[in-house]
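One line per chain: the protein sequences are A and B, in this order.
Just so we're aligned, residue 1 is where the first sequence starts under the working numbering, counting upward by one.
Just so we're aligned, residue 1 is where the second sequence starts under the working numbering, counting upward by one.
Note that these hints are calculated values from the structure, not bench results.
Model, not experiment: these values are computed from the prediction.
Ideal placement from N, C-alpha and C gives every residue a C-beta, glycine not left out.
Incorrect hints may appear among the rest.
Claimed, not checked - The following label-pair restraints were derived from C-beta to C-beta distances: (1) B:Gly350 / A:Val358: 26 to 36 angstroms; (2) B:Lys156 / A:Phe149: 21 to 31 angstroms; (3) B:Pro402 / A:Thr158: 49 to 59 angstroms; (4) B:Tyr111 / A:Phe22: 20 to 30 angstroms; (5) A:Tyr307 / B:Gly350: 21 to 31 angstroms; (6) A:Val358 / B:Ile54: 14 to 24 angstroms; (7) B:Val92 / A:Val354: 31 to 41 angstroms; (8) B:Gly350 / A:Ile45: 49 to 59 angstroms; (9) B:Asp79 / A:Val354: 46 to 56 angstroms; (10) B:Lys503 / A:Phe22: 33 to 43 angstroms; (11) B:Ile54 / A:Phe22: 31 to 41 angstroms; (12) B:Gln380 / A:Tyr307: 24 to 34 angstroms; (13) B:Lys3 / A:Leu24: 42 to 52 angstroms; (14) B:Ile244 / A:Thr158: 27 to 37 angstroms.
Now for the letters of each chain:
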Amino acid sequence: MSKNNKIHEPLFHIVKRGALPFWLSWLIRIIAIVASLIVCGVVTIILTGENPLNIYKTIIEGAIGSERRIWSLFQNVAILLCISLAVTPAFKMKFWNIGAEGQVLMGGLATAACMIYFGESLPSIVLFPVMIIASVVAGAIWAVIPAFFKANWNTNETLFTLMMNYIAMQIVSYFVYLHSNPVGSGKIGIINSTTQAGWLPKIGGKSYLINIIIVAVLTIGMYIYLKYNKHGYEISVVGESENTARYVGINVKKVIIRTMLLSGAVCGIAGLLLVAGTDHSVAKETVDGRGFTAIMVSWLAKFNPIYMILTSLLLVFLEKGASQISTDFGLNDSFSEILTGIIIFFIIGSEFFVNYSVKFRHKDKEANKK
Amino acid sequence: MSKPAIELKNITKTFGSIVANKNVSLTVNFGEILSVLGENGSGKTTLMNMISGIYYPDSGHIYINGEEVVIRSPKDAFDYKIGMIHQHFKLVDVFSAAENIVLGIDGKSRYNIKDSIKEIKKITDKYGFEIDLNKKIYEMSVSEKQTVEIVKVLYKGADILILDEPTAVLTPQETQKLFAVLRRMKESGKSIIIITHKLHEVLSLSDKVAVLRKGEYIGTVETKNTNEAELTEMMVGQKVELNIDRTEPKNCENRLEVLNISCINREGVKVLDNISFTARSGEILGIAGIAGSGQRELLESIAGLQKLNDGNILYHDPKTGKIDNLRDKTPVQIRDLGVRLSFVPEDRLGMGLVGNMDIVDNMMLRSYKKGKSLFVDRKQPKTLAKKIIEDLGVVTPGTSTPVRRLSGGNVQKILVGREIAASPTVLMAAYPVRGLDINSSYLIYNLLNTQKENGVAVIFVGEDLDVLLELCDRIMVISSGTISGIVDARTATKEELGLLMTKHGGEKQ
Numbered sequence: 001m002s003k004n005n006k007i008h009e010p011l012f013h014i015v016k017r018g019a020l021p022f023w024l025s026w027l028i029r030i031i032a033i034v035a036s037l038i039v040c041g042v043v044t045i046i047l048t049g050e051n052p053l054n055i056y057k058t059i060i061e062g063a064i065g066s067e068r069r070i071w072s073l074f075q076n077v078a079i080l081l082c083i084s085l086a087v088t089p090a091f092k093m094k095f096w097n098i099g100a101e102g103q104v105l106m107g108g109l110a111t112a113a114c115m116i117y118f119g120e121s122l123p124s125i126v127l128f129p130v131m132i133i134a135s136v137v138a139g140a141i142w143a144v145i146p147a148f149f150k151a152n153w154n155t156n157e158t159l160f161t162l163m164m165n166y167i168a169m170q171i172v173s174y175f176v177y178l179h180s181n182p183v184g185s186g187k188i189g190i191i192n193s194t195t196q197a198g199w200l201p202k203i204g205g206k207s208y209l210i211n212i213i214i215v216a217v218l219t220i221g222m223y224i225y226l227k228y229n230k231h232g233y234e235i236s237v238v239g240e241s242e243n244t245a246r247y248v249g250i251n252v253k254k255v256i257i258r259t260m261l262l263s264g265a266v267c268g269i270a271g272l273l274l275v276a277g278t279d280h281s282v283a284k285e286t287v288d289g290r291g292f293t294a295i296m297v298s299w300l301a302k303f304n305p306i307y308m309i310l311t312s313l314l315l316v317f318l319e320k321g322a323s324q325i326s327t328d329f330g331l332n333d334s335f336s337e338i339l340t341g342i343i344i345f346f347i348i349g350s351e352f353f354v355n356y357s358v359k360f361r362h363k364d365k366e367a368n369k370k
Numbered sequence: 001m002s003k004p005a006i007e008l009k010n011i012t013k014t015f016g017s018i019v020a021n022k023n024v025s026l027t028v029n030f031g032e033i034l035s036v037l038g039e040n041g042s043g044k045t046t047l048m049n050m051i052s053g054i055y056y057p058d059s060g061h062i063y064i065n066g067e068e069v070v071i072r073s074p075k076d077a078f079d080y081k082i083g084m085i086h087q088h089f090k091l092v093d094v095f096s097a098a099e100n101i102v103l104g105i106d107g108k109s110r111y112n113i114k115d116s117i118k119e120i121k122k123i124t125d126k127y128g129f130e131i132d133l134n135k136k137i138y139e140m141s142v143s144e145k146q147t148v149e150i151v152k153v154l155y156k157g158a159d160i161l162i163l164d165e166p167t168a169v170l171t172p173q174e175t176q177k178l179f180a181v182l183r184r185m186k187e188s189g190k191s192i193i194i195i196t197h198k199l200h201e202v203l204s205l206s207d208k209v210a211v212l213r214k215g216e217y218i219g220t221v222e223t224k225n226t227n228e229a230e231l232t233e234m235m236v237g238q239k240v241e242l243n244i245d246r247t248e249p250k251n252c253e254n255r256l257e258v259l260n261i262s263c264i265n266r267e268g269v270k271v272l273d274n275i276s277f278t279a280r281s282g283e284i285l286g287i288a289g290i291a292g293s294g295q296r297e298l299l300e301s302i303a304g305l306q307k308l309n310d311g312n313i314l315y316h317d318p319k320t321g322k323i324d325n326l327r328d329k330t331p332v333q334i335r336d337l338g339v340r341l342s343f344v345p346e347d348r349l350g351m352g353l354v355g356n357m358d359i360v361d362n363m364m365l366r367s368y369k370k371g372k373s374l375f376v377d378r379k380q381p382k383t384l385a386k387k388i389i390e391d392l393g394v395v396t397p398g399t400s401t402p403v404r405r406l407s408g409g410n411v412q413k414i415l416v417g418r419e420i421a422a423s424p425t426v427l428m429a430a431y432p433v434r435g436l437d438i439n440s441s442y443l444i445y446n447l448l449n450t451q452k453e454n455g456v457a458v459i460f461v462g463e464d465l466d467v468l469l470e471l472c473d474r475i476m477v478i479s480s481g482t483i484s485g486i487v488d489a490r491t492a493t494k495e496e497l498g499l500l501m502t503k504h505g506g507e508k509q
């Protein structure tokens, strides 16, 4: 054993795990969230000198501290979940639709345009169907353009959908410039603030309830579509292997275009909910990055619409809480973004530990002794 | 006996819950060829990857020249003069042979390709390699590329060479050449480890055979003291009957007539050039050829997956006698014509099945469109799945296990089972036993034979010439997209097929 000094075992090596039991993989994820909250606490203490318990209290208060906040939480969850549902069929088909931002915005723009142009002239029984059709068509068009090019010439959908976002933003900017109210303010303001024409109706006096109901229905619908419908089955086959799809005679082009039409249409509905059900206005910032956050919601939930309720709730909850910290402790928005960033980093990082384990040198030696 | 070059003691490696190697120990001396024999999935490649620094063992010891070493990376392996020739070559296509050989060698003063070529020449002359050092890799045949890989390893100064399934892609003639070179290397004192599952190669080449079975080390035997039957028994764990029962073809009718088809792929290469043949019912037509000679394109064009530039594919309906042209039809159109064509493609998980889906959903691939309902019916596929699991002895935890979790043999049983369940009139199978253990392979051969006896026209693309000669009625040999011959499998010899495989400038590709 005199040669032992020559041997340098690596400090650790990474080993792929087999399938973990369900509870263990979720335990890892929960540990990651707890760890992220601890790190957030430490970061906040270093930067602000506050008691970490206060900080966690603030997070919870910020998210569910009052009835208004609870409604706002669920309203935000509904919108994020709606966009996540929209991107899910596309991602399940391995079509990297990062253009939800633009598709939602176009849906919202179409809604706003209907409200402005027809708000006075059409009765609501006609106005609502027009708004729904307009938003669905606008979202679908924005999604089907990249799909058409992908299906026919195999263009890169990631770049294409991303670029479509910028075009959508510019179109909205132009629209805002045309209709700014008061003129020259650079803002549209609340549309039809007196007549409330085109505003989604309140149910039982709760203004966001209709959004939540619509999204709940969409969630169940999307779950059934993906799991039990023939289209849903085709989407899975195309996503897993285009060659297999061709082999069994699935028309891959048709599936890509059909799926993106659906994805864009649901984005359009999200736009409708945002403009007619929540903001009653439209701006370049209306979607506020949720077209991208939705991708994370969808992936974290492994494309299962039911799990997406949980992942979108988690993300919105943390975001609300983090932004409350910023306000309570007199910090600017960037600070809440730092905190959400830390939390999301831990959540995504936990997937690594679900799939791999790290073996350290010490353990090996102990094993050898035995 | 000379001293040991490399010694492994109690090597264990696990991937998750799967034990790839369990307490494996073996020794190779200088001037010796050791075969590592085992079925697919028995852990041969994993073991070699640990010697060459790609994986790190969970426990166990490696000794080189009697000293314990730790190999953490491929570079460490090189420092211990270990060189590995992988199944998939790792060469730069646009570089010449010589450039590839000197690539990645550091320490020397200046890069001078002429001096390097002189040095490489010394090596090639010593061992008798036939190679043009200035030829670009993309112009080379598979066997030339392999030669470059071997010379590269020798040039780096390797004393211990590991070859992973080196003969899988070679013709019988090329295999003989390779073996001659390996024997010369052995005589000059190198140690060679060769991974294989072909028994006759083991017996003709190696000095010792180490056998692995399901990750466990079974033992090492001297080649001169053993025989095929004993090795098979060690490999499989039980006695196996290695006979294929070939019946005389009955009631042969023309079922599929392929007339002068040609096909140019996306890169503008003519992958099929004026191919004509007839597949008859009640007969197995074998297709032999070097990998990539157009086998895939041929089957895909019959299945409606490949656009043809020329020619026709005529299907004779067994009931009505009607003749349909399948050219430029999609798989759906072919099915709508009432043509019962089943196809077991080469790429099982990438084409025939969906790896992440469970067995039921994979059964559905062929049938989900049936009926007007918007929703998929999982009942019938589930019944079919259960039937196949039972009939073919598929080992699986249940019908809801993703097929990618199953072993290669079980995956293939599911695919073949599904294709046969459609009661085809034409059954095409591309490399249906690749990667399968011996028992599963013979099960597949028997299934093909049953189909033949039921009057199906079977087209079988194979790589093992011995099997082709035993199983098929006629063998068609293709070389660079053309037919170089159609022979009677009952009278043809392996050498004859080998020559046909390289005819028509097959060397050039």
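Tested hints:
At about 31 angstroms, the CB distance of Gly350 (chain B) to Val358 (chain A) agrees with the hint of 26 to 36 angstroms. Checked against the hint of 21 to 31 angstroms, the C-beta distance between Lys156 (chain B) and Phe149 (chain A) comes to roughly 48 angstroms, which is inconsistent with it. For the pair Pro402 (chain B) and Thr158 (chain A), the beta carbons lie near 27 angstroms from each other, so the given range of 49 to 59 angstroms is not met. Distance hint for Tyr111 (chain B) and Phe22 (chain A): a CB-CB separation of about 57 angstroms, inconsistent with the stated range 20 to 30 angstroms.
Checked against the hint of 21 to 31 angstroms, the C-beta distance between Tyr307 (chain A) and Gly350 (chain B) comes to roughly 28 angstroms, which is consistent with it. For the pair Val358 (chain A) and Ile54 (chain B), the supplied restraint of 14 to 24 angstroms holds, since their beta-carbon distance comes to about 18 angstroms. Val92 (chain B) and Val354 (chain A) have their C-beta atoms about 37 angstroms apart, which keeps the hinted 31 to 41 angstroms range intact. The beta-carbon spacing between Gly350 (chain B) and Ile45 (chain A), approximately 52 angstroms, falls within the hinted interval of 49 to 59 angstroms.
A hinted range of 46 to 56 angstroms is violated for the C-beta pair Asp79 (chain B) and Val354 (chain A), which are about 36 angstroms apart. Against the hinted window of 33 to 43 angstroms, the Cβ-Cβ separation of Lys503 (chain B) and Phe22 (chain A) comes to about 58 angstroms, which falls outside the hint. Between Ile54 (chain B) and Phe22 (chain A) the beta carbons are some 32 angstroms apart, a value that agrees with the proposed interval 31 to 41 angstroms. Distance hint for Gln380 (chain B) and Tyr307 (chain A): a CB-CB separation of about 29 angstroms, consistent with the stated range 24 to 34 angstroms.
Between Lys3 (chain B) and Leu24 (chain A) the CB atoms are about 49 angstroms apart, so this pair conforms to the stated range of 42 to 52 angstroms. Look at Ile244 (chain B) against Thr158 (chain A): about 51 angstroms separates their beta carbons, and that is not inside 27 to 37 angstroms.
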